[in-house]
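Taken in order, these protein sequences are the chains called A and B. The numbering of the first sequence is numbering that gives the first Met the number 0, which starts it at 0 and goes up by one. The numbering of the second sequence is numbering that gives the first Met the number 0, which starts it at 0 and goes up by one.
Think of the hints as simulated: they come from the structure by calculation, not from any bench. The structure presented is a predicted model; accordingly, all values stated were derived computationally and were not measured. No residue lacks a Cβ here, since even glycine has one placed at the ideal position from N, Cα and C. Keep in mind that a hint or two might mislead.
[What the hints assert, rightly or not] So, partial list: chain B residues that the calculated Cβ filter (under 10 Å) puts toward chain A:
id, residue
1, V20
2, I123
3, G124
4, Q126
5, I141
6, A142
7, Q143
8, L144
9, D147
10, I150
11, S244
12, V267
13, F303
14, K304
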Amino acid sequence: MTPVTDKGTPTNPRRRIYRPNAKYIPIIATLSLLVIMYSSGVANYENFGDPSVFVNLFRDNAVLLVVAVGMTFVILTGGIDLSVGAVISLTTVLTATLLKGGWPPLVVLPAVLILGALIGAGQGAVIHFFKVEPFIATLAGLFLARGTALTINQQSIPIRDDMWKAISEYRIVLAEGVVTKPIALVAMLAVLIAAVTLAWTRFGRNVYAIGGNADSALLMGLPVGRTKIAVYTLSGFCAALGGVLFSINSTSGWALQGNGLELDAIAACVIGGVLLTGGSGYVWGTLLGVLVTGLIQTIINFQGDLNSAWTRIIVGVLLFAFIVLQRLVTRKAR
Amino acid sequence: MTSIFKNRLFWPAAILVVLLVVNMFTSRQFVTIQDGHLFGTLIDILRNSAPLILVGLGMTLVISTGGIDLSVGSVMAISAAVACLLIQELDDQNSVGSVLLIIAIAIAVSMLMGLWNGALVAIIGIQPIIATLILMVAGRGIAQLITDGQIINVQSGPYATIASGFFVALPVALLIAVAATVLILLLTRRTALGLLLESVGGSPTASRLAGIGARRITIMVYVVAGGLAGLAGLIYSANIKSADSISAGNLIELDAILAVVIGGTALVGGRFSIAGTVLGAVLIQTLAVTVVAVGIPSEANLLFKAVVVVALCLFQSPTLREKVFGRLTPSSAARAEVPA
């Protein structure tokens with residue numbers, strides 16, 4: 000918010016030294032952290048600098064990335080979606096069951112994606128029309144989706160469909176010795192589409208406006224209800240897509256898959272600088288947040304003798320660091 | 000005021016009664032006396048509700064100040080891990096004094112966790128849901144570190160007593176929960192504390208200007224919530240005679256919030272009902288038991304829970320009340336409350 004001077008000069012003449020805009024500080028912090036973590040990994044471990052290590056981050060965290068993209072939209076409006084992990088499990092179970100039942104894969108794929116979107120839309124409608132807290136409405140969604148998944152089948156169901164197997168085994172060669180899987184590309188595509196949507200579309204602007212102040216947005220004549228329902232629909236769709244990616248990656252469906260993933264997604268958003276009160280943050284931040292959590296896991300794997308419990312603790316410490324940083328930044332901005 | 004209050008608890012109470020009646024007909028022993036102890040489905044329900052009641056009580060206090068505590072499940076896991084680790088190293092696991100001391104240590108550790116949450120919320124000024132998310136994520140890792148990733152089994156008689164023991168015909172776990180409920184009821188309804196809590200939940204700034212130590216009160220509720228969660232963790236682990244850092248208190252924060260909401264406490268803070276939360280916790284536990292009792296596979300339990308949440312939220316939603324009951328009773332719209 001640079002004040003416009005009476006001469007109409009495009010830039011504020013007092014700002015000679017380059018100082019990043021306050022809204023970019025969290026994202027710059029996350030990026031710096033990522034770079035520091037990566038360089039220390041390269042310095043300490045043999046083969047860490049191999050490009051495939053970095054490329055694999057996208058493959059290993061594709062599901063989380065897709066889900067976190069949907070979550071970013073919800074959080075930007077000031078809401079929260081606790082149901083995503085459960086929608087993932089429902090999607091994987093349903094996909095595996097339907098494919099086992101001989102449904103054609105090209106029918107199953109859109110069917111489960113639409114189901115995910117519908118669950119999201121239902122939650123959004125309850126939140127908007129009945130003024131139920133997002134926390135409670137999506138909690139009910141969590142119970143509903145996981146309960147349905149468990150009722151369908153509690154066991155892990157293998158997927159033997161040719162198309163699923165083919166996609167699962169397909170490798171994309173990026174460079175000599177560097178390969179990735181289609182699911183990583185799908186996840187990156189989701190990030191790109193989300194970034195474009197948020198930056199350049201009317202819908203994106205509405206999302207930020209509602210997160211900034213829903214009452215003002217309403218007074219400005221923005222379609223608050225429609226946008227709110229749309230973001231939950233989007234989040235449900237992303238969760239279902241995450242479930243499909245999960246089922247492709249593991250060629251199986253299991254009702255406990257994706258347990259607790261909603262909190263990982265929220266944590267990734269927070270580490271990436273998306274403000275939980277809404278209205279501020281970027282999908283790129285979420286991407287960085289996912290990469291940071293993924294890199295922690297990689298470093299722990301490379302270290303070898305570290306207990307996996309450390310992943311959780313380090314993620315917690317990072318969450319703390321970023322929240323305090325955000326707090327300082329927002330305090331200054333006010 | 001009382002009519003609204005009754006109205007709020009009417010639906011949950013009605014559902015609970017229906018569930019209990021169903022249980023009365025399906026279970027072989029609803030309440031019986033055996034060896035001078037009370038036994039049966041009803042007693043089981045009440046005994047198994049104890050951890051959720053304890054966690055729910057703490058959650059109610061936190062929510063009444065406009066906060067939320069997501070870390071209760073992790074605190075349960077930490078408390079159980081600390082207790083079982085210490086008991087395992089005892090020479091005599093059946094020594095009552097040592098076990099009591101260990102219980103006190105575990106609860107103190109849990110309160111320390113609560114203090115951390117409270118400090119983040121009240122001093123640094125972080126949104127409660129995020130502040131407690133930190134400990135929720137890291138806490139289970141800490142519990143795993145304490146137990147070294149293992150499930151620690153203990154063979155301590157006194158420790159098992161707090162979950163499965165009986166005192167004057169009643170289960171000890173239930174008595175602990177009742178004692179905690181009565182204590183908190185007295186503190187919040189017989190002293191000014193309840194009013195202060197509601198004031199802080201209504202508006203922390205206004206409370207501070209009115210001379211209320213809003214910050215101190217906020218920290219205090221998180222400490223109490225931590226301590227109660229620790230106690231719940233001890234009962235949970237004493238019940239299975241082991242500390243399992245992965246499954247102890249898993250998702251209990253959601254059940255606890257659910258119990259609070261069923262009990263009619265608004266999530267925005269400023270008004271709370273202790274009795275409502277206890278009712279909500281017992282309702283959730285009864286639902287779980289009933290689903291199994293009537294022969295529905297237990298995995299469908301979540302489905303029923305979802306239906307109950309949606310139904311209750313819609314019944315309590317002022318918008319729906321206005322639309323459905325508005326024409327029948329014109330005054331109901333006026334009585335409708337701030338959306339939860």
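The hints, checked one at a time:
| no. | hint | in the structure |
| --- | --- | --- |
| 1 | V20 | 24 Å, violated |
| 2 | I123 | 6 Å, holds |
| 3 | G124 | 6 Å, holds |
| 4 | Q126 | 6 Å, holds |
| 5 | I141 | 6 Å, holds |
| 6 | A142 | 8 Å, holds |
| 7 | Q143 | 4 Å, holds |
| 8 | L144 | 5 Å, holds |
| 9 | D147 | 8 Å, holds |
| 10 | I150 | 14 Å, violated |
| 11 | S244 | 8 Å, holds |
| 12 | V267 | 8 Å, holds |
| 13 | F303 | 8 Å, holds |
| 14 | K304 | 5 Å, holds |
Checked against the numbered hints above, the structure breaks hints 1, 10 and satisfies the rest.
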